[in-house]
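Start from the sequences and build out the full structure, keeping to the hints where you can.
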Amino acid sequence: MIDPKLLREQPDLVRAGIQKKHLDCDVDAILQLDVERRQLISETEALRAQQKAANADMAKLPKGTPEFLEKVGEMKSISGKVKELDGRLKDLEDEWNTQLLNVPNLPDESVPEGKSEEENIEVGSWGEVPGEKKFHVPHYELEWLDEILDFKRGTKVTGAGFPFYVGDGARLARSLISFFLNEASEAGFEEMGVPFFVNAESATATGQLPDKEAQMYETREEGLYAIPTAEVPLTNFFRDEILEETRLPVYRCGHSACFRREAGSYGKDVRGLNRVHQFDKVELLKWVKPETSFTELESLREYAENLLKKLGLPFRTLLMCGGDMGFTNCKQYDLEVYAVGQKRWLEVSSCSNFSSFQSRRAKIRYRDSETGKPEFVHTLNGSGLAVPRVFVAILENGLQEDGRIRIPDVLVPYMGKEYIERK
RNA sequence: GGAGAGAUGGCAGAGUGGUCGAAUGCGGCGGUCUUGAAAACCGUUGUACCGAAAGGUACCGGGGGUUCGAAUCCCUCUCUCUCCGCCA
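In terms of this note's numbering, the first sequence opens at residue 1 and continues consecutively.
Since the hints were derived computationally from the structure, they do not count as laboratory data. Bear in mind the structure is a predicted one, so any value in this text is a computation, not a measurement. Glycine included, C-beta positions come from ideal geometry on N, C-alpha and C. Hints are not guaranteed to be accurate.
[What the hints assert, rightly or not] The calculated lysine-lysine pairs, modelled on DSS-like cross-linking and capped at a C-alpha distance of 27 Å, are:
hint : residue 1 : residue 2
1    : Lys310    : Lys133
2    : Lys76     : Lys60
3    : Lys289    : Lys373
4    : Lys63     : Lys83
5    : Lys373    : Lys343
6    : Lys417    : Lys134
7    : Lys52     : Lys71
8    : Lys71     : Lys81
9    : Lys363    : Lys373
10   : Lys115    : Lys343
11   : Lys212    : Lys5
12   : Lys343    : Lys152
13   : Lys81     : Lys52
14   : Lys310    : Lys5
15   : Lys5      : Lys417
16   : Lys60     : Lys81
17   : Lys212    : Lys115
18   : Lys310    : Lys343
19   : Lys71     : Lys83
20   : Lys52     : Lys63
21   : Lys90     : Lys60
22   : Lys212    : Lys90
23   : Lys417    : Lys309
24   : Lys156    : Lys423
[What the hints assert, rightly or not] Here are the in silico distance ranges between beta carbons for each label pair:
hint : residue 1 : residue 2 : range
25   : Gly372    : Asn97     : 22 to 30 Å
26   : Lys90     : Asp57     : 22 to 30 Å
27   : Thr371    : Gly167    : 55 to 63 Å
28   : Gln32     : Leu69     : 41 to 49 Å
29   : Glu36     : Glu191    : 43 to 51 Å
30   : Thr371    : Glu74     : 40 to 48 Å
31   : Asn182    : Val123    : 34 to 42 Å
32   : Glu113    : Lys152    : 23 to 31 Å
33   : Glu43     : Arg239    : 31 to 39 Å
Below you can see the structure in the form of C-alpha cells.
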C-alpha cells in the first residue's frame with residue numbers, strides 16, 4: 001500500500017507513478033472518499049466526545065432519579081446518531097481501503113520508462129553465449145529425458161505442469177536447492193523452513209491479494225492459499241510487529257515449493273520445464289532501514305548474479321521498465337540465464353525493492369532511534385534461485401557431443417558425479 | 001473428531017455494567033546515591049486515526065448485538081491449553 005498521506009498531499013506524483021507502470025486507477029475517486037471519510041470522522045468523534053462527557057456525569061448521579069432519567073433520554077438520540085454515522089463511516093473506510101489496496105507501488109526515478117518487456121534495459125551480463133552446435137537440443141527434445149524428468153506421469157497423477165523428477169534429475173534438483181541454501185547461509189541469510197500455505201491476510205500483505213488471486217491455488221475448506229513463492233510466508237513472519245532498530249537489517253532465506261496456476265499463460269513458453277505449476281525455489285529476504293534499501297537491492301542482485309557465475313551459466317541482468325515490473329515493486333531486476341538448446345533467455349531470478357509497500361500492508365515496523373517512533377521497514381526479496389530453469393540451462397548448456405550432461409563443478413560434490421548420462 | 005477451560009499493555013497478572021487506556025509486579029528508559037557497578041529510592045514507559053493547534057477519538061483475540069453507557073452481559077468466529085479418541 002502506498003502512503004495515504006502521500007496520495008492526499010501529492011496526488012500528481014502518485015498519478016505519474018501509476019502512469020509509468022501503465023496501470024490505471026482512479027486517484028480522484030480515492031481522494032474524494034478520503035475527504036468524505038475525514039469529514040465523517042470529525043462529526044462522529046465530536047458526538048462521541050459529547051457522549052463520553054455525559055456518561056461521566058451520569059456515573060455520579062444516583063440511578064433512577066429524575067435528572068438521571070432525563071439524561072438517559074437526552075443521550076438516546078445521540079446514541080442513535082453515533083450508530084448511524086459509525087455505520088456509514090465503516091462502509092466508507094472499507095471502500096477507501098479497498099481502493100487503496102489497488103494502487104500499485106510507485107516506481108523509483110531510476111526505473112526506465114517503457115510499456116513492455118522490449119523496453120527493459122540490459123544492465124549487465126556475464127559469460128559467453130555458447131555457439132550453437134548441432135547436438136544442442138531443447139531439453140524437452142532430449143531423447144532420454146524421461147530418465148530424469150517424467151512429464152507424462154506427472155500429468156497422469158496430477159495434471160499438466162506437475163512433472164516428476166527422476167533419479168539423477170531428482171538428485172540434480174535437490175543439489176541445486178542444497179547449493180542455494182548453503183550459499184545463502186554463508187552470505188548471512190538465516191535459513192527458514194516455511195509453511196507452504198498462507199491465509200488471506202498474509203497474501204494481502206505481500207500483494208498477491210487482491211491483485212493476483214487468480215494465480216493462486218486455494219483450499220476449498222479453509223480458504224488457504226498455496227504459496228506462489230516463499231516470499232509470502234517469509235515476509236509475513238514479522239507481520240504486525242515492531243522490530244528493534246539494532247536488529248536491522250534482517251537477512252533470511254528459505255526453500256519452498258512454489259505453486260502457480262499460470263492462468264492465462266497457456267500456450268506460451270510452456271514446453272518442458274520452462275513454465276510449470278509447481279517448482280522449487282530458494283528465496284532471499286531482507287528487512288532493512290528505508291535509507292539503505294536501494295544499496296541493499298544492488299547487493300542482492302550481485303549475490304544472485306554470483307550464483308550463476310559459480311554455476312558457470314551465462315546470464316544477463318535486466319532493469320525492468322515501468323510497464324513490465326510488478327504491481328508491488330519500486331525497482332526490479334530480472335536475471336535471465338541463456339539456454340543454448342532453445343536459444344532463449346530464461347528468467348531465473350527477480351530481485352526487487354518493495355520499499356514500504358509491503359511493510360505498510362503487513363505493518364512491519366522498527367523503532368527509529370532518532371524519532372523514537374515506529375517507522376515502516378523496507379522489504380526486499382530475490383530468488384536465489386528458481387530451480388527448474390537453472391536445471392534447464394544445465395541440461396541444455398551442459399550437453400556434450402557424446403550425449404552426456406556435464407554437471408557444473410560446484411554441484412559435483414552434491415551430485416556425487418560429474419556427468420548425467422543415459423542409462 | 002468428542003468433552004472442558006481460557007484469550008487483558010513487552011511479559012506476568014487484577015479488574016465482571018459507569019471518569020478503566022485499564023491496578024499491581026517484572027522488564028525497559030531517565031535520574032538520585034556510588035570511585036564504578038549492584039541494591040535502594042524517584043520519575044517515566046502502547047499504537048493508530050482526526051485536527052493548523054489546543055485537543056479529541058478508537059483499541060482489553062476478531063466480528064456482531066444488548067444498553068444512555070461494555071474489558072465487564074449476549075451471539076458468533078478464530079486461536080491457545082487440558083483430557084479422551086485417531087494418526088505421520
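Against the structure, the hints:
no.	hint	verdict
1	Lys310 - Lys133	holds (24 Å)
2	Lys76 - Lys60	holds (18 Å)
3	Lys289 - Lys373	holds (13 Å)
4	Lys63 - Lys83	holds (24 Å)
5	Lys373 - Lys343	violated (53 Å)
6	Lys417 - Lys134	holds (26 Å)
7	Lys52 - Lys71	holds (12 Å)
8	Lys71 - Lys81	holds (16 Å)
9	Lys363 - Lys373	holds (14 Å)
10	Lys115 - Lys343	holds (25 Å)
11	Lys212 - Lys5	holds (26 Å)
12	Lys343 - Lys152	holds (25 Å)
13	Lys81 - Lys52	holds (14 Å)
14	Lys310 - Lys5	violated (45 Å)
15	Lys5 - Lys417	violated (58 Å)
16	Lys60 - Lys81	holds (24 Å)
17	Lys212 - Lys115	holds (20 Å)
18	Lys310 - Lys343	holds (21 Å)
19	Lys71 - Lys83	holds (18 Å)
20	Lys52 - Lys63	holds (17 Å)
21	Lys90 - Lys60	violated (33 Å)
22	Lys212 - Lys90	holds (26 Å)
23	Lys417 - Lys309	holds (20 Å)
24	Lys156 - Lys423	holds (24 Å)
25	Gly372 - Asn97: 22 to 30 Å	holds (28 Å)
26	Lys90 - Asp57: 22 to 30 Å	holds (29 Å)
27	Thr371 - Gly167: 55 to 63 Å	holds (58 Å)
28	Gln32 - Leu69: 41 to 49 Å	holds (44 Å)
29	Glu36 - Glu191: 43 to 51 Å	holds (48 Å)
30	Thr371 - Glu74: 40 to 48 Å	holds (44 Å)
31	Asn182 - Val123: 34 to 42 Å	violated (28 Å)
32	Glu113 - Lys152: 23 to 31 Å	violated (45 Å)
33	Glu43 - Arg239: 31 to 39 Å	holds (33 Å)
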